[in-house]
Each structure stands twice: as structure tokens, then as C-alpha cells.
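Trainee: Letter by letter, the chains look like this.
Protein chains: 2
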Amino acid sequence: MRIPVALDKAYRLLNHGPVVLVSSAHGDARNVMAAAWSMPIDFSPPKVAVVVDARSFSRQLIEASGEFAINIPCRNQIEAVLKAGIASGRDTDKFAHTGFKSFAGHRIAAPLIEGCAGWLECRVITEPHNEAAYDLFIGEVISAQADDRVFRDGRWNMTDDNLRTLHYLSGGTFFATGDAITVAPD
Amino acid sequence: MRIPVALDKAYRLLNHGPVVLVSSAHGDARNVMAAAWSMPIDFSPPKVAVVVDARSFSRQLIEASGEFAINIPCRNQIEAVLKAGIASGRDTDKFAHTGFKSFAGHRIAAPLIEGCAGWLECRVITEPHNEAAYDLFIGEVISAQADDRVFRDGRWNMTDDNLRTLHYLSGGTFFATGDAITVAPD
Numbered sequence: 001m002r003i004p005v006a007l008d009k010a011y012r013l014l015n016h017g018p019v020v021l022v023s024s025a026h027g028d029a030r031n032v033m034a035a036a037w038s039m040p041i042d043f044s045p046p047k048v049a050v051v052v053d054a055r056s057f058s059r060q061l062i063e064a065s066g067e068f069a070i071n072i073p074c075r076n077q078i079e080a081v082l083k084a085g086i087a088s089g090r091d092t093d094k095f096a097h098t099g100f101k102s103f104a105g106h107r108i109a110a111p112l113i114e115g116c117a118g119w120l121e122c123r124v125i126t127e128p129h130n131e132a133a134y135d136l137f138i139g140e141v142i143s144a145q146a147d148d149r150v151f152r153d154g155r156w157n158m159t160d161d162n163l164r165t166l167h168y169l170s171g172g173t174f175f176a177t178g179d180a181i182t183v184a185p186d
Numbered sequence: 187m188r189i190p191v192a193l194d195k196a197y198r199l200l201n202h203g204p205v206v207l208v209s210s211a212h213g214d215a216r217n218v219m220a221a222a223w224s225m226p227i228d229f230s231p232p233k234v235a236v237v238v239d240a241r242s243f244s245r246q247l248i249e250a251s252g253e254f255a256i257n258i259p260c261r262n263q264i265e266a267v268l269k270a271g272i273a274s275g276r277d278t279d280k281f282a283h284t285g286f287k288s289f290a291g292h293r294i295a296a297p298l299i300e301g302c303a304g305w306l307e308c309r310v311i312t313e314p315h316n317e318a319a320y321d322l323f324i325g326e327v328i329s330a331q332a333d334d335r336v337f338r339d340g341r342w343n344m345t346d347d348n349l350r351t352l353h354y355l356s357g358g359t360f361f362a363t364g365d366a367i368t369v370a371p372d
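As given, the protein sequences belong to chains A and B, one line each in that order. The numbering used here puts the first residue of the first sequence at 1, with every later residue one more than the last. The numbering used here puts the first residue of the second sequence at 187, with every later residue one more than the last.
Chain A extracted, bound-state conformation (with noise of 0.2 Å):
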């Protein structure tokens, strides 16, 4: 079951380091890209940054809504990941191509995609700068879910390895999140 996440909470979604799919829609059209570079830069407001290549059909869709979703996919969707990370959508119709399912957000157009583990509704902070320079986006959370059989009060719990979020290396590697380790302080 999708539930929200605190938003104070949401920075844990992708603290990890996992891949993630970027969803974004502008008027009629949407895309889902496979990104490995994103991560949370603060905690309250959330915000994350996010690379999105200049020549990415992405990249037009997000400049132009001022949005972005960061879903975090799971090991059963390891396939269509990487179709997702392949494929351009200027020539593609990536969501028939990898046959992800989306939903509707709550704050933002871009479409969210169905199984993921956890959801992240951003709003661009315009840096030009970054923008040009690195293709680095940086955006606020404003609104976040996850899927409570992997993620719930704040914590994720990832027994099902189905389930497992994914990390990327490349040439189509990945490696699934493994066991958790509580370290005691001092």
C-alpha cells in the first residue's frame, strides 16, 4: 500500500544511493529516464540533486514543467530500468517500450511509476549555472510516498528480495541493496 512520508523523512528514501527513474511530463507529453546520479542534499525542506543530461528528452520536459519525480525501482523492475536508461524518448514512447504503469501525483504533473518503493515530487530550484555547466538539477520535495512493505516510520525494511532497491555500476550491473547493519555508538 502507497502511504505518505514525512517530508522530514524523505531524504531516507534515497539516502542509500539507489537508482532511480526520473518521470516528467510537459502539456501531453511524459517520459521515464533511469538516472544514477541523484541524492538528497538536505534534510528540511528535502531537497535533492539530480544529473539530467542535456540532450535528454528529459531534460526539455523538466526544464519546461519546472518538475521532476524521483521513483525508486525495485529489483523486479530491474529489466525495464535499464530499458529506461537506454532508450531515448525522443524516439520512444518509453512507457510502452518499458512497459511501466504510472499514477497520478499529488503535487506535480509528472507521472509517478507503479511498484516502485518509494516516490519523490520535486519542484525545480532554477540554477542556470549548474544547469549548464553539469547538468545538475536541484529540486525540493514537496511531497513523498513509499510502498510500506519496504518503507514505513521512516525506516526501510527491505526482507523481501523482490523488493530490494537497485545500484547502479554500469555496462547493465547493478546491485541489489543488501543486509542492514545497525552500528551502536559509542
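Calculated directly from the structure, the hints in this document are not laboratory data. In this text, all values refer to a predicted model and were calculated from it rather than measured experimentally. Be aware that one or more of the hints could be misleading.
Stated by the list, open to error - To spell it out: a stretch of chain A is covered by chain B in this simulated footprint if at least three of its residues, at any positions, have a beta carbon under 8 Å from a beta carbon of chain B; those stretches are:
#, segment
1, 32-41
2, 45-52
3, 170-177
No residue lacks a Cβ here, since even glycine has one placed at the ideal position from N, Cα and C.
Given the coordinates of chain A, work out where chain B should sit on it, guided by the hints.
Mentor: Same frame as chain A, now just chain B:
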């Protein structure tokens, strides 16, 4: 054994989103901090982004020296990583506190941390607005090394559980990097 990593493959040390140790030095002072928020932002020349809190001692050393190193720790260093994330170098000798030993880098004065899986030596690309507004530092990677037990020919090989890299959640909880999964593109 520590081996050089070609600069155009250096991003792969960081691509899967591990927690890192940021080390820095200026004059006689040196420090090491844990950081969950770092990522590659370019392939070649390789660049990274990392969040360094304005109040931290590391921030002072990085601003003064224009350099930092990113060290990628292993599971068998987890207690020291947490210590490095909690204590402040302003009032603690973090090397004595954590037990981390260091060795000299090839290109920068910041100490590199022994026992890690990989090392990225970085020169700051000064971006005053990002640093002031977001605590966000951008660095160009000018030298990279890895432990060949876990990273060789541009690929991770984490078969020894003790040498798996780590991903940070919150409250002393980490995830180990899990199974590698390779998907063939269509």
C-alpha cells in the same frame, strides 16, 4: 594491493552510491568525515559532488586547501565510519578517535584512509554559490586507486562480505552492497 584506476573509469567507484569518507588537510591540520551525500556528476574528466556542512572542520580544511579525497570504506570498517560521522574534528583528533590510519595520495595533500576499497583524489572546482547556498562542493577527480581484491579492470567484485561497500540510511543503520545482477539489453 592498491592499483591505479584509469580516470575515465573512476566514476565507477562511486556510481552505486556508497557512503564515503571525505579526508582533507591544510597545513598541519587534517580531518576525516563520513558523508552519505556524494555522487559522480561527469565521466571524463571525472567530477564528483559532495555535501560538506558549513559548520564542519572538514569544510574549513577543504576551503583552505582546495582539495579533498573521497575514500570508499568497507563493511569491516563500519564502526569507525559511524564514529567519523558523529564526532567533529573541531574538538577531536578523528584519526585517533576512529583508529583510521592514512597514507599519502599521489596528487593532493589530503591523507587517504587505509583499508578502504577505493580512493578518489579531488581538486575543488570553486563554485561559491553552491557552497554557500547548498553546502555543495564540486571536485575534479585527478587521481584514483582501488584495492584490487574488490575492484579491478573497472569492475567491482565484492565476494568477501567484509570488503563489501556500505550505504548509509540513518541512526547508525547501514546497508551492505548486495548481490551483483547483470541484465542483458534487448
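Trainee: If a hint holds in the structure, say so; if it doesn't, say that too.
Mentor: Results of checking the hints against the structure:
no.: 1; hint: 32-41; result: holds (count 6)
no.: 2; hint: 45-52; result: holds (count 3)
no.: 3; hint: 170-177; result: holds (count 8)
In this structure, every one of the numbered hints holds.
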